[in-house]
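Undergrad: Sequence:
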Amino acid sequence: MNNFKEKADKIWEVANLLRGDYKRSDYGKVILPMTVLRRLDCVLAPNKQKVLDVLPKVEKSSETAKDKVLNATAGMNFHNRSKFDFDKIIADPNNVATNLRNYINGFSTSAREIIEYFNFDDQIDRMDDPKADILYRVVKAFQEIDLSDMSSMEMGYAFEHLIRKFAEQSNETAGEHFTPREVIKLMVNMLFNEDSEILTKEGIVKTLYDPACGTGGMLSVGEQHVKELNPNAELKVFGQEINPESYAICKSDMLIKGQNPSNIKFGNTFTVDGLEDEQFDYMLSNPPFGVDWKKAQKIIKSEHENKGMQGRFGAGLPRINDGSLLFLQHMISKMKPSGTRIAIVFNGSPLFSGSAGSGESEIRKWIIENDWLEAIVALPDQLFYNTGISTYVWLVNNKKEEKRKGKVQLINATGAKDEELIADGKLDINRFWKKMDRSLGSKRKEIPENGNTKGIGFVSQLYGNFEENEFSKILPNDYFGYWRVTVEQPLKDENGKIVKSKGKPKADSKLRDYENIPFLRTEKDGSLVPQTIEEYFEREVTPHLPEAWIDEKKTKVGYEINFTKYFYEFKPLRSLTDIKADILALEKTSLENQKNVLD
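Residue numbers (the working numbering): 4 to 602.
Hint data in this document are derived by calculation from the structure and do not stem from the laboratory. It cannot be assumed that every hint is accurate.
Below, computed lysine-lysine pairings styled on DSS-like, alpha-carbon distance capped at 25 Å [unchecked claim]:
1. 408 to 568
2. 71 to 51
3. 230 to 209
4. 86 to 53
5. 26 to 51
6. 505 to 495
7. 437 to 168
8. 32 to 268
9. 368 to 556
10. 503 to 446
11. 556 to 507
12. 230 to 268
13. 437 to 420
14. 476 to 188
15. 446 to 188
16. 8 to 446
None of these values were measured; they are calculated from a predicted model.
Start from the sequences and build out the full structure, keeping to the hints where you can.
TA: This is how it looks when you write it as structure tokens:
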């Protein structure tokens with residue numbers, strides 16, 4: 004897989020030719036479309052001459068018939084019928100712009116439309132301008148980079164590497180991130196875990212969807228996983244992407260792999276659902292963390308208010324500065340009644356942000372009370388390129404296995420416990436992550452991909468086994484629910500007497516307080532039992548505030564998942580004796596070092 008880095012670095016070097024004529028933030032306008040063109044050129048090269056030989060025989064046919072024959076001749080879902088390729092373009096240095104345009108126009112419709120999303124024609128003019136005169140050198144530089152030996156996976160890595168570097172150049176890193184392939188592989192493992200047997204059946208056809216598909220990384224890994232299980236299985240992939248460059252790259256990848264590029268839609272998933280009324284067997288996504296939805300606010304609120312549960316956002320609207328849970332609601336709206344599985348990456352906010360009655364809490368309540376939340380996996384920090392924050396994979400399923408019904412599995416795959424063991428010298432490997440030899444932006448850790456004793460295999464096993472241990476907890480749905488009650492105390496006059504209204508004590512707003520009362524309480528033996536508001540109040544509040552009462556009209560139901568609390572282990576403080584011994588030892592070492600320096 005190191006091949007992608009070597010090729011990406013060579014492509015990045017071409018950007019040096021743009022220096023002075025382009026701002027650094029504009030390098031991507033040239034490098035990305037040129038990379039796509041060169042990739043298509045290399046893929047078509049083996050059969051290019053055959054296409055040119057067949058062309059005169061179909062010249063008078065309809066465009067559809069022509070495409071069908073020439074695509075078949077090219078051995079791909081597309082072809083190029085121009086007499087030019089990169090070799091021939093650079094062979095005529097005086098007419099590079101004309102011949103490059105001829106070459107681009109020679110692509111079949113599906114491929115040509117992809118190139119159009121880059122608005123590359125403007126860049127041809129700009130580079131061909133006598134003031135710059137760099138078009139020939141740029142095309143020549145790309146002609147010298149062979150992309151024919153790159154797998155789709157490696158090309159995906161290369162594109163993401165380049166886009167990340169361009170984003171850094173233009174200070175557009177906020178909210179922009181790509182999903183490391185090992186994270187996608189873990190998600191895919193868990194997504195398809197239950198269905199491994201089904202997917203090996205003859206002639207099986209399934210669908211996979213990503214509403215924020217980027218350059219198509221998740222779709223590619225999902226497709227690869229199914230092909231490894233069953234070479235004869237067909238996984239049709241679908242997606243939508245808002246960034247034009249990422250969209251074009253994703254479509255070109257689908258084109259090369261034989262997928263239907265028209266299944267990838269362009270635009271904002273929230274405002275224009277490009278796959279409206281479609282339903283899918285599987286869904287994967289890593290929507291942007293903490294990105295606001297102000298631009299789509301009017302449309303989203305209208306759908307929420309007018310369509311309710313018949314629309315996508317009926318359960319609730321999260322706060323305006325984080326649209327993560329909107330993506331999940333959108334995906335749930337595309338679940339098949341016969342069963343759909345979803346894996347989605349979130350930061351910590353969707354777990355607990357928002358109190359009872361808030362949009363976030365209402366969405367969690369809707370998902371958990373419908374028994375769709377299957378598992379949540381806490382991942383190590385420092386996994387992503389542009390953020391070091393902790394992340395979580397949510398697994399949502401509307402047709403749970405019998406053993407999982409009414410329960411949620413929580414997996415702590417952060418590696419925090421292993422870090423402590425390593426620090427004590429008791430363990431020489433971490434079961435969940437390893438340090439990277441070289442950091443990539445904020446990414447300093449990666450999840451190992453080999454075997455079942457660590458990394459992807461180990462976490463997948465924890466999930467598949469569905470057993471409780473130090474890394475896995477299985478809790479009933481009600482464990483995450485609570486009542487938020489308003490506790491009132493009586494208003495008293497200057498003489499200390501309770502003020503009454505219509506025979507009842509009047510509440511003192513200054514003494515008003517709130518309690519979150521869990522649906523379940525933990526017994527001494529660790530078992531969970533249901534409790535009522537009254538039981539809790541008499542046990543926990545009345546002994547301290549015998550004049551207090553609950554304003555039942557204000558009681559709300561909330562749901563939250565306080566992940567860290569569930570895996571928290573109390574660590575007793577070190578004794579003063581141990582601390583004193585350490586200080587004395589440090590002083591001794593310091594004095595010895597000082598003596599050696601002076602001597």
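Undergrad: The structure should be examined with respect to each hint, and the outcome stated for every one.
TA: Here is how each hint holds up against the structure:
Of the supplied pair hints, the one linking residue 408 and residue 568 holds, its CA atoms being roughly 23 Å apart against a limit of 25 Å. For the suggested pair residue 71 and residue 51, the alpha carbons sit about 15 Å apart, so the restraint of at most 25 Å is met. With a CA separation close to 12 Å, the supplied pair residue 230 and residue 209 stays within the 25 Å bound. With a C-alpha separation of about 11 Å, the suggested pair residue 86 and residue 53 falls inside the 25 Å cut-off, and the hint holds.
Among the hinted pairs, residue 26 with residue 51 is inconsistent with the structure: their alpha-carbon atoms are about 36 Å apart, more than 25 Å. About 15 Å separates the Cα atoms of residue 505 and residue 495, which keeps this hinted pair within 25 Å; it holds. Among the hinted pairs, residue 437 with residue 168 is consistent with the structure: their alpha-carbon atoms are about 24 Å apart, no more than 25 Å. For a cut-off of 25 Å, the pair hint linking residue 32 to residue 268 stands: about 21 Å separates their Cα positions.
A threshold of 25 Å between alpha carbons decides the hint, and for residue 368 with residue 556 the separation of about 20 Å falls inside it, so the pair holds. A C-alpha spacing of about 63 Å is found between residue 503 and residue 446, which places the hinted pair above 25 Å, so the restraint is violated. For a cut-off of 25 Å, the pair hint linking residue 556 to residue 507 stands: about 16 Å separates their Cα positions. With a C-alpha separation of about 24 Å, the suggested pair residue 230 and residue 268 falls inside the 25 Å cut-off, and the hint holds.
Using a Cα cut-off of 25 Å, the hinted pair residue 437 and residue 420 holds, with the two alpha carbons roughly 14 Å apart. Between the alpha carbons of residue 476 and residue 188 the distance comes to roughly 23 Å, so the proposed pair stays at or under 25 Å and holds. Distance check on the hinted pair: residue 446 and residue 188 sit about 17 Å apart at the alpha-carbon level, within 25 Å; holds. With a C-alpha separation of about 15 Å, the suggested pair residue 8 and residue 446 falls inside the 25 Å cut-off, and the hint holds.
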